[in-house]
Amino acid sequence: MNPGASWGWLIWPPLLVAGLLLVLPQAGFIAMSLHPSLGYGRMGDAWTLVNYTHVLTDPAYLSAIGLTLGLSAAATAIGVVVGCPAAYLLARMHSRLASGFIAMLLATSFVTVVIKVLGLSLVLGREGIANHVLLSLHIVSAPVQLINNDLGVLIGLVQYTLPVQVLLLIGVIQTIPRRLEEAAEINGAHFLSMLRRVIWPLSRPGVVSAALVAFDMDMGAFTSAAMLGGGRVLTLPVLIERTIMIDVDYATGAALSTVLMVIVFALNLAAVPLLRTKRRPA
Amino acid sequence: MRIVPWRLARSVPLWLVLASMFVFLLAPIAAIFSASLQREQNFYYTLWPHDVSLVWYLSIPAKYWRALGISLLVAAIAASLTVGLGGLAALALVRGRLIGAATLNAFFRVPLQIPFVVTGVVFLQFYDRAADLGPDLLGSITGLVLAHLFVTLPYGVSAIAVILVRIGPRYEEAAQICGCSRSAAFFRVALPLLKPGVFPGFFYAFIVSFGDVPVAIFLTDENTTTLPVAIFQSLQFDFEPALLALSTVVIVLSVALILAVQKLAGLDMVVPSQRR
Amino acid sequence: MAVVEIDGVSKRFGAVTAVDTVRLTVADGEFLVLLGPSGCGKTTLLRMVAGFITPTEGHIRLGGRPITHQPPGKRNIGMVFQDYALFPHMDVAANIGFGLRERRLPAAEIARRVAALLAQVRLTAYAKSYPEQLSGGQQQRVALARALAYAPQLLLLDEPLGALDLKLREAMQQEIHALQRRLGITTIMVTHDQEEAMNLADRIVIMEGGQIRQIGTSQQLYWEPASPFVAQFVGKINFLAGAVTAAEADGCIVTLSGGARIAAPVQADCSPGQAVTIAVRPEAMRLVAGGVPPGLNGLTATVQRSVFLGNRVRSVVTLADGQDVLVESAHADMPQAGAAMDLIWQPAQTRLFAPSPPG
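Protein chains in written order, with this note's numbering: chain S, 1 to 282; chain F, 1 to 276; chain H, 1 to 359.
Some clues are possibly wrong.
Unchecked claim - So the derived list for chain H, only partly shown, Cβ under 8 Å to chain S, looks like this: (1) Pro72; (2) Asp83; (3) Ala85; (4) Arg103; (5) Leu105.
Don't read these hints as lab results, they were simulated from the structure.
No experiment lies behind these values; they were computed from the predicted model shown.
C-beta: ideal position from N, C-alpha, C; glycine also.
This is chain S alone, in the form it adopts within the complex (with noise of 0.2 Å):
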């Protein structure tokens, strides 16, 4: 008897639900935007590509792309920067001491995002904490405006994949053995050479990982921009749930909708070569 094949059987349950809760709703999703609207919720019954050609060509749909991608790339690009230092720091050090760094970590990126919007309309309004804090140091001489626009959008995406970026990337930089610091050490690498030499090229395939999960999560946020965009940032996500919600206009919230996981799909394959580790004789 192959225990092997019995295993095997366990798959069925979790697939068919998993097949019908992803195709079923997709299917008639994608048929959906390929029928006209007929506006206040209607369908007409012709097949056409009317609803993609209109969400592509339109200018104010393509600059809700530009935009959506912009942001998303900006808040990924910010989580690798300050991401990765924090990420050394806390793979690197004593375990107690991290643990508990990490568990306010996971604290912070429990709490659920629509709180921490909340939190952060407190604290970037124009009389909130930050612009008190800008003014007190003179950094600024009048209050800055940092919410219901895009930097407010920004600083809710930074705070939504932030932890999760860190968290990540602590895994990853986990994988790189301490010895091998120890080795180029006393070869002669100072600090930043080691970095660089070392720690960059092995964990370059993770970092591109944890990018890619934050970017998709930056992509399709919803809460932080629809809150902290005022009604004025006009991300995809947002534009969708209008378009939905309050058009009512079924087809070309489905095309667009379409139209961002596409996106997000294609971006995902064409990153896939960056996470094979580099090899160069260097």
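Dock chains F and H against chain S, hints included.
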């Protein structure tokens, strides 16, 4: 112990980055906490409340408590189903000799790449159509659970699969040599060892479901709404200071939950190890 | 002059003292081995010389220059790590040339030196291979070449051969010895394998509990151990308890707890009435039938078990008082189990120690 200069020089900038990061991440939470204690709400928020009062804690409208209950219920059911079904899938993928295991693996990971808001829209129209055929899932607990399950199942599968790979079949083999049947060996030996996979999977699914807005916002109605959606809608239309108090309560509960689990079972019960 | 001076160095981690006031000088060109059981402090001491740990007290000097607080990279030391620590993302040539690139040597010079080192460790054909493609022994040689690339003043080896199987280990020991002799580089190695230490060292430092127990050549440690710990750590030895009953200028008599009388050469604690522990090496003993020849020490013993080990026979015998003794002999004939025989040895082979429990 004498601090050696060259070691210090390299760690100072790293500590600065770490400290700034924590200040940045904790600022909103601290702001809510201190604002919730302030009697006079005039949108001028400082670091420390002027006149501390618990008045807002006592005046949280009932609808939010109801929403909290619904959120907890949905999250609990979705998380349980996630580890249940996810565990089955993980067992099959890791231990069963399935042809096309790699494809199945990728299949289970697909929901992770679909933005939440898209999932929300997709399920909205699906329930809409399904309503014509029979069950009305819009604004129902079941509807929310199914949509959340769709999104959280991948976490369950990967969290448990990682642990399965790590422990391997050797403990169950040892149990079988001692006389256990295969299923007894699994339930008595392997299942307890799977805790570092089941617990984080459950927590992650719970947190994702509990805190979700972009999916739930499409699938709720006036009678059945989750707490995050309720807060979101209030913030958009009519801000109530009681929300600050409510948010603080939720924060405290979340943190208490993590601390409790960490104390009881260790940090690796909370964080899924090496997410791939 | 690449002399290493370790001067009163201690390392404490909280309440634990890992290294306790160690004083040691390594001569120029010497191959010194730190030998001891796990936790004796040998690795901690080596890592302090390397610079990864800072001593709590004391100083370290290399070639007269104090290096106690210098970063490892500035000490001009080469090191081979326990699991080689080769950079997985670089090929063999890049690994070897790593330190040279750090020192900003011109590319042509780096290429020349790397080629020379590859030839020395006989890995020229593998210059473009990656560590994961190499066998354990080959990785070892790359690690060695990398350590020597920038002509360091001192070479440190941290249990470098632990991961290799027996035959390969012995071959690598030969290579390391030959290389060190050829280059004349001062070398400190850490190992827990006593035979490896004896194979390679000019001098061996036995450590235990953070302290140096004895320093000497292999012969000194083997034939003149300073304590029961050293005696049973380097090779095997038998311990028997007794008391001195007579002492003369040319020897003393010790009566064992079982009543038998043993002759021993005069040593430190030879006053009548003194309790002592007798120590004799297994290969100094023989099993004979038909009585103890005159002038030799002898005990009656019953053979428990004999094992044939190829070039020698090892027997475990039980004395009249129930104690077990190990005997090793080059003779091919194996004593019968259960046979009553006489255990004999030369009085000169008897060492005396103060009666502390061995090990």
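Each hint, compared with the structure:
Taking 8 Å as the C-beta cut-off, the interface hint given for H:Pro72 holds, the closest approach to chain S being about 5 Å. The beta carbon of H:Asp83 comes within 7 Å of a beta carbon in chain S, closer than 8 Å, and the hint placing it at the interface holds. Interface hint at H:Ala85: satisfied, since its Cβ lies 4 Å from the closest Cβ of chain S, which is below the 8 Å cut-off. At its closest, the beta carbon of H:Arg103 sits 6 Å from a beta carbon of chain S; the interface hint therefore holds under the 8 Å criterion.
Taken as an interface hint, H:Leu105 does not check out: its beta carbon lies about 11 Å from the nearest beta carbon of chain S, beyond 8 Å.
Violated hint for the displayed structure: number 5, the only one.
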